[in-house]
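Quick mapping for you: the protein sequence lines, in order, are chains G and E.
Residues in the first sequence are numbered consecutively from 517, following the numbering used here.
Residues in the second sequence are numbered consecutively from 107, following the numbering used here.
A few of these clues could be false.
Computed cross-link-like contacts, DSSO-like style, restricted to lysine-lysine with a CA-CA straight-line distance of at most 27 Å [said to hold, decoys possible]:
1. K158(E) to K695(G)
2. K158(E) to K602(G)
3. K151(E) to K602(G)
4. K151(E) to K695(G)
5. K158(E) to K169(E)
6. K115(E) to K158(E)
7. K158(E) to K577(G)
8. K115(E) to K695(G)
9. K602(G) to K695(G)
10. K169(E) to K115(E)
11. K577(G) to K602(G)
To be clear, the hints were calculated from the coordinates, so they are not data collected in a lab.
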Amino acid sequence: MDGEVDDLSLLERLHAGDCGALEVLMGRYAARVHRLARGITRNAADAEEVVQDVFMTIYRKGESFEGRSALGSWIYRVTINAALNKRHGKRHEVETSIEEHLPGFDASGHRQGDLTYVLADWSQNPEAALLSEETRALLNRAIDSLPDHYRAVLVLRDVEDLPNAEIAEAIGESVASVKSRVHRARMALREQLTRHLGPRA
Amino acid sequence: MTCREAIEKLAEYLDADLTPEVLQQIDVHLEICAPCRAYVATYGKTRELVAKVRRMELPEDVKTRLRAFLVGHIAHTK
Numbered sequence: 517m518d519g520e521v522d523d524l525s526l527l528e529r530l531h532a533g534d535c536g537a538l539e540v541l542m543g544r545y546a547a548r549v550h551r552l553a554r555g556i557t558r559n560a561a562d563a564e565e566v567v568q569d570v571f572m573t574i575y576r577k578g579e580s581f582e583g584r585s586a587l588g589s590w591i592y593r594v595t596i597n598a599a600l601n602k603r604h605g606k607r608h609e610v611e612t613s614i615e616e617h618l619p620g621f622d623a624s625g626h627r628q629g630d631l632t633y634v635l636a637d638w639s640q641n642p643e644a645a646l647l648s649e650e651t652r653a654l655l656n657r658a659i660d661s662l663p664d665h666y667r668a669v670l671v672l673r674d675v676e677d678l679p680n681a682e683i684a685e686a687i688g689e690s691v692a693s694v695k696s697r698v699h700r701a702r703m704a705l706r707e708q709l710t711r712h713l714g715p716r717a
Numbered sequence: 107m108t109c110r111e112a113i114e115k116l117a118e119y120l121d122a123d124l125t126p127e128v129l130q131q132i133d134v135h136l137e138i139c140a141p142c143r144a145y146v147a148t149y150g151k152t153r154e155l156v157a158k159v160r161r162m163e164l165p166e167d168v169k170t171r172l173r174a175f176l177v178g179h180i181a182h183t184k
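Isolated chain G, as found in the complex (with noise of 0.2 Å):
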């Protein structure tokens, strides 16, 4: 496949105006931008716009880029950016804050709250249900729904399967505070998940 050509190279030649490198830095990376620009936009319009920016950036821009991190770094970092600006002004859309949606506890650290909502679990429920169209959009709803910080965060976490260290370089914060927003971004998930599926009827 193309694993043997380095990114640096592909890079060159690209700004010497090679297609072949287009296509190989596009089979890398144009999904993955793709996905997380559509993650932080909420949009499928000012996602592909947020594609084309990002390769445009790459084409001018990467011949600068030096190797001190890895290229999928600062693409991810040059992704969220644009993504970013296309959502200023957007902001106050349709989020909600996370805190209504993390795990309640009693005085003394226990679980708090009805048993059978406490005690659902429907992780074993059939996989064509898990997946329904209503599970579907109901899960997308609530990502879409998640503080901007903590959608991108989830994204490259759980959906590109980024280690945290290399969110935390692509996003200029430190590993705790992507280890958090990724865990409490997961809690407010389930709780949609689990008033949604469980306690079974």
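Given chain G's structure and the hints, the job is docking chain E onto it.
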């Protein structure tokens, strides 16, 4: 260990990114706490579902327009 302490460390627990002592403390808590067992199972499944719902390939029409946009730009600036 309380439920709050166990759930706080859940992401690291699933990544086995904790000391053996803390991992064991959580295991012991899970043995006696049904709500936390349900929480761990559904939290892990949530992570899987996010990946399944969002891990899509680049749509062909988007790819075609991206290629045309860039090739046109490269040809224009050369």
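Okay, which hints does this one fail, numbers in order? 3, 7 and 10
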